[in-house]
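Keeping their order, the protein sequence lines are chains W and V.
150 is the number that this note's numbering gives to position 150 of the first sequence; each next residue is one higher, with no gaps.
Residues are numbered in this note's numbering as their position in the second sequence, beginning at 1, plus a constant of 530.
Keep in mind that a hint or two might mislead.
What the hints assert, rightly or not - In silico contact screen, one side only, chain W against chain V (beta carbon under 8 Å); selected entries:
(1) Gly52
(2) Val56
(3) Phe237
(4) Ala240
(5) Pro246
(6) Met248
(7) Ala461
Everything labelled a hint here was simulated from the structure, so no lab data went into it.
For each residue, glycine too, the CB sits at the ideal point set by N, CA and C.
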Amino acid sequence: MTSSTQQAEHEHDHAHHGPATGIKRWLFTTNHKDIGSLYLLFSLLMFLIGGGMAMVIRAELFQPGLQLVDPHFFNQMTTVHGLIMVFGAVMPAFTGLANWMVPMMIGAPDMALPRMNNWSFWILPFAFLILLASLFMEGGGPAFGWTFYAPLSTTYSNDNTALFVFAVHIMGVSSIMGAINVIVTIVNMRAPGMTWMKLPLFVWTWLITAFLLIAVMPVLAGAVTMVLTDKYFGTSFFDAAGGGDPVMFQHIFWFFGHPEVYIMILPAFGVISTIVPTFSRKKLFGYASMVYATSSIALLSFIVWAHHMFTTGMPLAGELFFMYATMLISVPTGVKVFNWVATMWRGSISFEVPMLFAIAFIVLFTLGGFSGLMLAITPADFQYHDTYFVVAHFHYVLVTGAVFSIMAAAYYWLPKWTGYMYSETLAKWHFWLSLVSVNILFFPMHFVGLAGMPRRIPDYALQFADFNALISIGGFAFGLSQLLFVAVVFKCIAGGQRAPAKVWDGAEGLEWDVASPAPYHTFSTPPEVK
Amino acid sequence: MHAPLLRKLLLLVLGMFAFAFALVPLYDVFCDITGLNGKVELTAAEASKEQDLARKVDVSFTTHTQGQAPFKVQAETYQVTVTPGTLTEVSFTAENLSVDARIMQAIPSVSPGMAAKYLHKLACFCFDQQSMQARQKMSFTLRFYVDTELPTDIAELTLAYTLYDITDRNAAVYVMPQYPAIKQFGDFERDAVGKGYVYSIQAAVYQQIRGLSHG
Chain W
1 MTSSTQQAEH EHDHAHHGPA TGIKRWLFTT NHKDIGSLYL LFSLLMFLIG
51 GGMAMVIRAE LFQPGLQLVD PHFFNQMTTV HGLIMVFGAV MPAFTGLANW
101 MVPMMIGAPD MALPRMNNWS FWILPFAFLI LLASLFMEGG GPAFGWTFYA
151 PLSTTYSNDN TALFVFAVHI MGVSSIMGAI NVIVTIVNMR APGMTWMKLP
201 LFVWTWLITA FLLIAVMPVL AGAVTMVLTD KYFGTSFFDA AGGGDPVMFQ
251 HIFWFFGHPE VYIMILPAFG VISTIVPTFS RKKLFGYASM VYATSSIALL
301 SFIVWAHHMF TTGMPLAGEL FFMYATMLIS VPTGVKVFNW VATMWRGSIS
351 FEVPMLFAIA FIVLFTLGGF SGLMLAITPA DFQYHDTYFV VAHFHYVLVT
401 GAVFSIMAAA YYWLPKWTGY MYSETLAKWH FWLSLVSVNI LFFPMHFVGL
451 AGMPRRIPDY ALQFADFNAL ISIGGFAFGL SQLLFVAVVF KCIAGGQRAP
501 AKVWDGAEGL EWDVASPAPY HTFSTPPEVK
Chain V
531 MHAPLLRKLL LLVLGMFAFA FALVPLYDVF CDITGLNGKV ELTAAEASKE
581 QDLARKVDVS FTTHTQGQAP FKVQAETYQV TVTPGTLTEV SFTAENLSVD
631 ARIMQAIPSV SPGMAAKYLH KLACFCFDQQ SMQARQKMSF TLRFYVDTEL
681 PTDIAELTLA YTLYDITDRN AAVYVMPQYP AIKQFGDFER DAVGKGYVYS
731 IQAAVYQQIR GLSHG
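Construct the entire structure; sequences and hints are all you get.
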């Protein structure tokens, strides 16, 4: 073979490797950047749909009494809002970020298993189509809370429960495939010289998250399968009349459920650990301790599940064990928070929008962590259990925690993805409106919760009226502010000021070595990592 | 090059799926060994070989129905004082309140939960499903003893029976008409035997009415 034919073939190859055109590009794509974009856009859509349900909830709770929706529909809203936000918004957003950034950060040409990658995304819309469609069917969608406690989901649920079960199965299969892909990519496809302790922290946190996903998503699949057979095939896993035990449902569910909350926050830790050094213009303080802290949080997450169940009647020894194990998690989490603060200490900080979201994350996530510590105190938990205090707690860690970190990541990498700078003015408006409204929305929930307002109920006692009106106003403002985010994202996709390859002067990492927008194929020849 | 790792990860996934189901027997074994959860054996025990005549333990009996199961079961004596190791008999009267034949299953539970494994039953109506004719009255005998190993800090324990209607295992929730407040949430339908009101009610509302709450 002569060198000229080799070259011709080489060019021929390149012509084939560009993106296909039209809808087929997206349906059949095996490109990690395309699939990353699909995940992120899907997650944005789900965020808006789940947010719409939150608006229904807040509209109903604006005043005491039943006015807008009937209680059965209200229950469907709280249930599906939770399911959509957890499985449709937060998890796919992080999977999208992993698809986009992990290969670029480790110098790999693509994900390890690109065809499976295509599958893991494209089954997801069907899962949510099934779940959302059940809302329009006779009897309505799932109304037993996103935790689907038996017997609510077995004896007392309607026949559409099968749709819920299948939707959760598909979501689970999707995230397991995504997690396998991430692990194989990170283990097998690092560029030469990219040793474990040189991995960017976002990659580290995602690796650990992927192992958590593989460990617990199958347990969730088992739990919904048991609900399915209990409801339709006469088994008695959770039915005392047949020798089962409804409390066992809670053990199995929370064995999945507690690692699940770390699945939603560990990648956020990775994002914040990437952004804070960039805008502080310093290396991350305590890289190794960050890796060990993340691993310890992941391990501890398996032995704390019963802190969700203090009021089910546990022996004292059990309550003490789960209380202390839970509190122990605040040690590695504290290591992380102090490391972020130490990174900022005496840095030359600038306050671009990703940094603003990152700082808000550190403050507000820590606040959510503290209310978590309060909930971990067993005797106090008897008072807080099932009140709005719990709602305040997990919205601080999930909205101002996970969601804010996703916003930060989106602003941080948008110029790399689109090749254009986003509108800093609009983005600042988005940040400040979100920051103020999210606190009006969730902070007073602490107070009404401590005063005894129960969660998941469409009505409340009159003394909570003023606070609930305030909370609802905060909710509507926060919901509307997110439309600004949508505007910023689509404006940035459409055009704007050209972004350089290295968008942020303090940024480090392989992703800033490639042009902006990132070419369709990057690192076909692995970079040398020193 | 990815196949070996992929195989290991898939194995892990399958293993964890199996583990979810393995948790079911593990849970029972764990409750059994530790005596947690107040779960009691549904099989007959052997009589005790030793007695501790110096100790006195109060045992009380309560029953309640689950989801408006149409049964009434009552112990003839609300409370008995026993000495550990001594066989004791207690009579229960049972009645099927409905106008057709129903099958009852009683599920026992002991509190405090730690005492569960020290209460042994030689005969109990909870060992079997009880078929009852319409309006039938029956009497059952419970034979039990309290283990001599019962921790000394436990001086009284309660044996609680929950009565289930398992005639139709997927039975609808029975809501008695004395809860008119819930009518605003949907329609009632009189069931085929005219015995009560069937209402495919949303569970949360049902829980509210019952004054319960869930996590």
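*Val56/W as chain V interface residue, shortest Cβ-Cβ below 8 Å*: violated, 16 Å
*Holds or violated: Phe237/W as interface residue toward chain V, Cβ cutoff 8 Å?*
It holds, given that the least Cβ distance between Phe237/W and chain V is near 6 Å, below 8 Å.
_Given a cut of 8 Å on the nearest C-beta pair, is the interface hint for Ala461/W held or broken against chain V?_
violated, 13 Å
*Identify whether the interface hint at Gly52/W stands, where standing means a beta carbon of chain V within less than 8 Å of its own.*
At about 21 Å, which exceeds the 8 Å cut-off, the nearest Cβ of chain V leaves the hint on Gly52/W violated.
*Could you check if Pro246/W really has its C-beta closer than 8 Å to a C-beta on chain V?*
violated, 10 Å
*Using 8 Å as the Cβ threshold, decide whether Met248/W counts as touching chain V.*
Holds, about 5 Å.
_Evaluation of the interface hint that places Ala240/W against chain V, nearest CB under 8 Å_ = holds, 5 Å
In this structure, the earlier hints numbered 1, 2, 5, 7 are contradicted, and the remaining ones agree with it.
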